[in-house]
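Trainee: Spelled out, the chains give:
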Amino acid sequence: MRESSQPLAGLRQRIARLAATGGPASRPVEGWLASGHDAFDSAIGGGLMVGRTHEFFAADALDGASAAAFAALLALRTPGKAPLLWLRTVDAGRRTGHIYAPGIAELGGDPNRLLLIETADPKMLLACANDAVRCAGSAAVIVESWGKFPLLDLTAGRRLTLGARDVGTTLLMLRLNAAPTPSVAETRWSIVAAPSRELQADAPGAPAFDLELLRWRGGPAGTRWRLDWDNDEQAFRDAALSGAVLPLAARRAVHPLGAEAA
Amino acid sequence: MRAQALGLRVGMPLADARAQVPDLAIVPHDSVLDQNWLDRLAQGCARYTPLVALDAPDGLILDITGCCHLFDGEAGLIDDIDRRLTRLGMTLRHALGPTADAARALARYQTRPAPDEATAIRRLPVAALELDGEATTALVRAGLKTIGDLAARPMSNIAARFGADAATALRRLLGDAPSPLDPRVTPPPIATERRFAEPVASMPHATQILTELVGEAIADLTERGKGGRHFRSTFFRSDGLARSIEIETGHPTRDAGLVMRLFAERMDALRDPLDPGFGFDMMRLAVPRLEALAATQLKLEGGEVRAAAMTDLVDRLATRLGRGGVRKFAAVDTHIPEQAQLALPAIDAAPPTPWPTTDPGEPPLRPFYLFDPPQVIEVIAEVPDGPPHRFRWRRATHAIRRYEGPERIASEWWRRKDNAGLTRDYYRVEDDRGRRYWLFRHGLYDEKPDPRWYIHGLFA
Chain A
1 MRESSQPLAG LRQRIARLAA TGGPASRPVE GWLASGHDAF DSAIGGGLMV GRTHEFFAAD
61 ALDGASAAAF AALLALRTPG KAPLLWLRTV DAGRRTGHIY APGIAELGGD PNRLLLIETA
121 DPKMLLACAN DAVRCAGSAA VIVESWGKFP LLDLTAGRRL TLGARDVGTT LLMLRLNAAP
181 TPSVAETRWS IVAAPSRELQ ADAPGAPAFD LELLRWRGGP AGTRWRLDWD NDEQAFRDAA
241 LSGAVLPLAA RRAVHPLGAE AA
Chain B
1 MRAQALGLRV GMPLADARAQ VPDLAIVPHD SVLDQNWLDR LAQGCARYTP LVALDAPDGL
61 ILDITGCCHL FDGEAGLIDD IDRRLTRLGM TLRHALGPTA DAARALARYQ TRPAPDEATA
121 IRRLPVAALE LDGEATTALV RAGLKTIGDL AARPMSNIAA RFGADAATAL RRLLGDAPSP
181 LDPRVTPPPI ATERRFAEPV ASMPHATQIL TELVGEAIAD LTERGKGGRH FRSTFFRSDG
241 LARSIEIETG HPTRDAGLVM RLFAERMDAL RDPLDPGFGF DMMRLAVPRL EALAATQLKL
301 EGGEVRAAAM TDLVDRLATR LGRGGVRKFA AVDTHIPEQA QLALPAIDAA PPTPWPTTDP
361 GEPPLRPFYL FDPPQVIEVI AEVPDGPPHR FRWRRATHAI RRYEGPERIA SEWWRRKDNA
421 GLTRDYYRVE DDRGRRYWLF RHGLYDEKPD PRWYIHGLFA
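The listed protein sequences correspond, in order, to chains A and B. Each residue of the first sequence is one higher than the one before, starting from 1 at the first, in my numbering. Each residue of the second sequence is one higher than the one before, starting from 1 at the first, in my numbering.
Footprint (simulated), chain A over chain B, 3 or more residues, beta carbon under 8 Å:
| id | region |
| --- | --- |
| 1 | 314 to 320 |
| 2 | 331 to 344 |
| 3 | 369 to 380 |
Stretch-level coverage of chain B by chain A, calculated; a stretch enters the list once three of its residues show a Cβ under 8 Å from a Cβ in chain A:
| id | region |
| --- | --- |
| 4 | 347 to 356 |
| 5 | 401 to 412 |
| 6 | 429 to 441 |
No wet-lab data here; the hints were simulated from the structure. Note that the structure is a prediction, hence the values are computed from the model and not measured. Note that beta-carbon positions come from the ideal geometry of N, C-alpha and C, so glycine has one too.
Throw the hints in and build the complete structure from the sequences for me.
Mentor: Take a look at the structure:
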């Protein structure tokens, strides 16, 4: 009896400790990655929660740049000099293009904060991501992957999320050319490029995004937004003006702008 | 050796050789493999002296000044080299000389024994000067068969008749002119080593000894008030080969734990793991790069701890992925888009550079993702200078609804001798689904008859 009760007591203590510190909701959140668009932020409780995993899906490979820019801008609009860790595989440059720092600078982000980590294969990508989320002091960790990512199963995803939660880093999973799958992410987004508000002489305008909230642990999902990126204000804003005058927008499912339709 | 005994020579036509020895085994020559092997041998010879120079394609020069007593004199040292290289299946010709050039010439050209080094040098054939064939023939025709014959003549006559090169080569051989050695590695400022009577065959034991060596190096660093940026451990196997494992850090460090963690990380990441074979009989730790590092006290608010955690992460990932695996961006002042950024290893910690920005109210004019090299697309556009209307890329057609351009970017003709290079006309376009692309036509119609179109980037 004595032999068996001691390990049991130890296990009970461990469970009690886990219950005290663990559990997705018990640890206090230190802040949010806010978009700067008030309605958007308040609809998801202040922004993307720090210390959690957020997933950005670009179902069509051609929307990859939009999804990547949305994630990067959310991280880079935080004040301070904290670095943004961007992990990708070496073949991503050939496939989706190399990250172009002058382009990020023109969007208003500071490319000097960018730390690019390139790995040979998805396995190493996951291993490095695990190290990166367990390092405090980053603005966010972006993990860019292409296509199905079979190594990122529920266990691997949970390990990443736990690491991010323990240290308080925000993990942004960028899933290009992939279909949403079950995961432990706090929020899951589908991002598509939206027609921009035209400038003089019919020139393409500021970056525009069509966002759909596919999943949110804290509330109802299914909300859609269309946001513009405002270079000068360093914030996202409504794309309302452009949508109304778009003759071709009817071709795809366009939703009442800036509101939660569908 | 056996080939020579059969009457084969270097430079002989293959057909002749086959005629002489019908069952000749033929292996194609791979100069890169030879070079690598010589390099590995040179690394192994670092156990005798830190100054080892390559004498490509098949020689090594060791500066053994002040090293012989470790091996009971010159004879002992040569015995040791001979034993190890013979075990590796090498045939060795060696010679000792007062200068690097003399030793080299003696090893390559000595045919007759001589009572002392000076006589041996004088008895060398004139071919040992390694002049071109014509000059050597001329020397032999003039009756000057050995270095001794040549050295007896006035140097000015030799220079006048056979060129200044001949005179210089002769003076180097005789030790009148310096013959500098170009060592493979320069000796590091800090190096500690262990030699073992019994080879160490287990990796845990080797790691333990590496920890001790790191501790010694750190003590030395502390005494000097410096930190190491680059650590190199070399494992010498008893069969004469050696393997080096190097780590680098972004900031000078004196943290033994960190250094050992990085070494462990590096060893784990090796594609070809460290193999003790029959055991290591010597291990060395060198710190080739030092930087000043004053004693510091951590601040209480924790900002420095976070920054330290980040540099630690960068070091660890750079050790695992190679120094190019973790990079930071630096701006380059050029208008050629693909050259406007450099991705430099983060471990080198370049100072941050200012980046160009847009005017207020302007959308970004440079893409978020850049294709380098640009990818060819098929475009329907107005000829000669019109904007594109529709383009085909990766098996999909995109109809262009909005465009801006052209933004004309000329080639950097001032950098090229022939002033050549084509002008590019860039268009920022948006297709009917709202995606934004950066396209360009490579060449104007008056520069090139049928200029091609490329996609260079994707906008957000």
